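Taking the hints into account, I'd like the entire structure generated from these sequences.
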Amino acid sequence: MADEFYSIGKGEIRQDVLQKVTGEALYSTDIHPKGMVYGKILGSPIPHGIIKSIDTTEAEKLPGVVGVVTGADGPDHPTLGGYLTDRYIMCRVGDKVRCIGDPVAAVAATSEQIAEAACKLIKVEYEPLPFVLDPEEAYKEDCPAIVHEDVQSYPRISLHGVAHCFDKKHPNQAIKRKIRHSDKFQLDPDSFETTDEYDAAFEKKIDEEYDKAFLKLPTQRYEFPRVSHCFMEPHACVVAPLPDGGIEIWASEQGGRLAKYNMAASFGLKPSDVHFHVPFLGGGFGGKTGCPCTGPTVMLALKCRRPVKVVQTRDEVFSIGNPRPPAVIYLTDAFNEDGTLAARKVKCFINSGAYTTFSLVMIDHSVYGVSGNYRNPCLMLDCYGVYTNTEANGPYRALGCELFVYAVERNMDMAADLLGIDKYELRRRNVLRKGDIDGHGQLVYNNGSAEAIEAAAKYIKWGQPAHPAEGPWRYGKGLSLGNKFTAYGLTGTEANVTLMDDDTLEIAVSHVEMGQGALTVDSQQAAEFFKIPMSRIRIRNEDSDFMPYDEGTYCSRGTYINGNAVLLACEDAKRQLFQRAAKRLKVPEERLVTENARVYDRDDPETGLYFHDLYAHGGWAEESKLVGRGTFMPEQALNDPRNAQGNPVLFYSIGSWGVEVGVNIETGEVRIVDCGGFYDAGRIINRKTCEGQIEGALSMGLGQAIFEEIMINDKGKIINGNYRDYKIPTFMDSPMNSRIHVDFVGEPFPSGPNGAKGVGEVALIPVMAAFANAIYDATGAEIHDIPMTRERILQSLRDKEAAGEKE
Amino acid sequence: MIQLVTLHVNGDDYPLALDTRTTLVDALRDHLGFRGVKKSCDEGECGACTVLLDGNAVASCTYLAVEAEGHDIVTIEGLAKDGVLHPVQRAFIDCFAVQCGFCTPGMIMATVALLHHNPDPTEEEIRDVLRGNICRCTGYTKIIDAIMQAKEVMKKQSAGEGAEASAPAAGNDTGYKAQNIAQCGSSES
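From first to last, the protein sequence lines are chains B and L. Under our numbering, read the first sequence as residues 1149 to 1955, first letter to last. Under our numbering, read the second sequence as residues 10 to 198, first letter to last.
It is possible that some hints are incorrect.
Not the full set, but computed from the structure, chain B residues with beta-carbon under 8 angstroms of chain L [stated by the list, open to error]:
#1 1173
#2 1177
#3 1429
#4 1431
#5 1740
#6 1742
#7 1840
#8 1846
#9 1871
#10 1872
#11 1876
It should be emphasised that the hints constitute simulated quantities derived from the structure, not laboratory data. In this text the structure is predicted, and so the values were computed from the model without any measurement. Just so you know, even glycine gets a beta-carbon here, dropped at the ideal spot from N, CA and C.
Here it is, written out as structure tokens:
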């Protein structure tokens, strides 16, 4: 980056790092109020049933037990769920449990061991009901298990593109997302009596386009598993009751403000009586949006009148920890002879699990995976969110875009092979460029897709052969291109900037620090604005009582939305600073400039004052403390839920990988030979933290590609809820440092803070597809069940061999 | 069963009455307040709870506290001396090897043990020895950078010490005061 900047792109160290390398950083698990006891949640052992009775007598008698709660101690109506309120904090007698692990009781005791032992003494009688685990089974008309009979009566809030979709024929369907776009024909939904008629007419038209096309790819089915975020800090919550009836909460929570209001509403408390702290998060990746133990912990604390801490075990993180939903995607593509896409039909079933939680957001956001990189002259997409009797799923870094991108990128390679067109060239012919119209009818701007994939192809020396085969090792290359729809115009954000009497600049935001570098990039925005060193900046973010508004840190919105709010607060602070300084210095405001905590006359730099000169001893200032306030509301993004046409996207962040892998055809082992990732995230505020996001995502994406899957047995129970059986990449799996290269492309985004866009999620999105394409290139193993484990690679090669022999 | 034990942690003796089943991580965190020691999987799979026991890295969640009596225990809190960070801590800062920070204490302690036993490891050796320390944020790339930096600094340091008889770390180019931390951004290339 050019030298015009003061702090941006200057390699500033992380604001939180000293605390973290010395062990002083506090996480929710480290909070330990006086008199604290330990809580444990008892979950349902069956996937679906009615609770007939609960007997807690024996548990209460166990020495060391402080209190036991059941659903009767909690809210008598569902209060959880965000956009569709479908979940009780604790299941109640007479009502249903809908998945294994659904909370039915909780115990507080003087030790975790006693609490755990007491849980085993609670007697719960269930009447089992038929259950369904698979989303496609659940979607069927004659599915014997209905997860939520009363779904239509639940309170709900709509999110812009997604419809709550209740259908007597498909009682387990709760949410639907549609895209209908065509450059070839015009169909106005308003000219049809019903949406069903519009849908049918559209499908007829797109089928005609498909039939006309030069290459008709048969429908491809891609199946993706449930995966765990595997953040290192398990979900944790500490709740202390206060003498005035309020409560103080410390929770590993990405959306502290939402959680505060949710808890207040659930327990009939005033929001000002709920003091919500979000300490450092030991990783989030989406999975701490709606920390699953907060509600039960509040119940225990209110009943026992003592501080209670609940920390999930790793097994609980796997089994009730909001993992990424499993999904099935059907992709039907047709191409023209020149390699351009002619028509694309997509159908997707997302397994919401027993409760929708935030699956709705995932369904809304994931579909942009199809539309954000390539032109879609004819696109029809239907994505269904379906209830099953499995663990409730939640947001996961990338919100499902990686799944759609995987399907699209695999199909691109397939089409290129069949058309005899180079795979990079085929992508180049379809890639969205400035001025194009995308699959939402929206004009393309600030989209670095073409540049990113060009850089990735160049890095991996596309066009030159991969390493020659050596013993059992086969080598191949893969390319992929992904995008993340980032930030949306539904919620605003506030920031405060205080110029202190010791020449410190203090920022207050509710931007959650979970490792991504939130505090550092926000500080850099202020450092840049005031030309003040990072050592003079203090940033606070942890306390809902004093921190300004922000809904939560997710959807890669933090850098963009909080950064803009910080800049607006800086502007306000500067305006006040100049007013006060002009009066004191007797210099007109327009002649003033500021740097390094000093304001001075441009024409006479000797005439100036420091921030501290505005205050008397003790911090008294007649005009009050100098606080700048900023509120930022992104432009409202709109689209028609019937066809997702409009201007739904503020901006896309883009990423592309070129990878070369070696695959051992005797063992199925996959090794990275070389890989280069190229990202458009606008102007890079802090290169090292951005690189860190991308390198971490490479590892996470590698895990998704070849290892990771939460497995459940035919009774709905998770059977690999630990790091032995659910393998995530270690030092041994990630590539040697000389074999990984990360760089940035694209242009500054005009409405981003100093040109920045988000990067946290897009980092992950293209990774899995690049590995799949490279594994196929190396071996011909075509695997549609993800992950591509060693067993599946070997099986695929064997199947291919057998098919070859038959011919 | 309750047993009286004395744990020697970061140079100090702490007498404790503990249930014999108490793991070292729980004793350190919940009984002694060394909450820099992190508990993540509680079954010896992830390395977040790594502490030094007589200079060796151990997963404190799979070690009984009563067995640690008589051993020299060092946690992340005991690594910086007189406000001067250990070269490994410094390198983790300089190289951006920290993101969420939850694996960091264990990762740093495991690195200190590694460099104690093998002052000049190759990247392959580092990856092999630290395979039991999981990080979900970084993909390990920048942790490797940090360990490479720490190794070079410590090699120079011990060469210097050999020549001028154990001078304290403070004052040379590797040790630095924690309070100066904010001034020490590495310049961007």
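Evaluated hints:
no., hint, verdict
1, 1173, "holds (5 angstroms)"
2, 1177, "holds (7 angstroms)"
3, 1429, "holds (6 angstroms)"
4, 1431, "holds (4 angstroms)"
5, 1740, "violated (27 angstroms)"
6, 1742, "violated (20 angstroms)"
7, 1840, "holds (6 angstroms)"
8, 1846, "holds (5 angstroms)"
9, 1871, "holds (4 angstroms)"
10, 1872, "holds (6 angstroms)"
11, 1876, "holds (7 angstroms)"
Hint check: violations occur at hints 5, 6; the rest are consistent with the structure.
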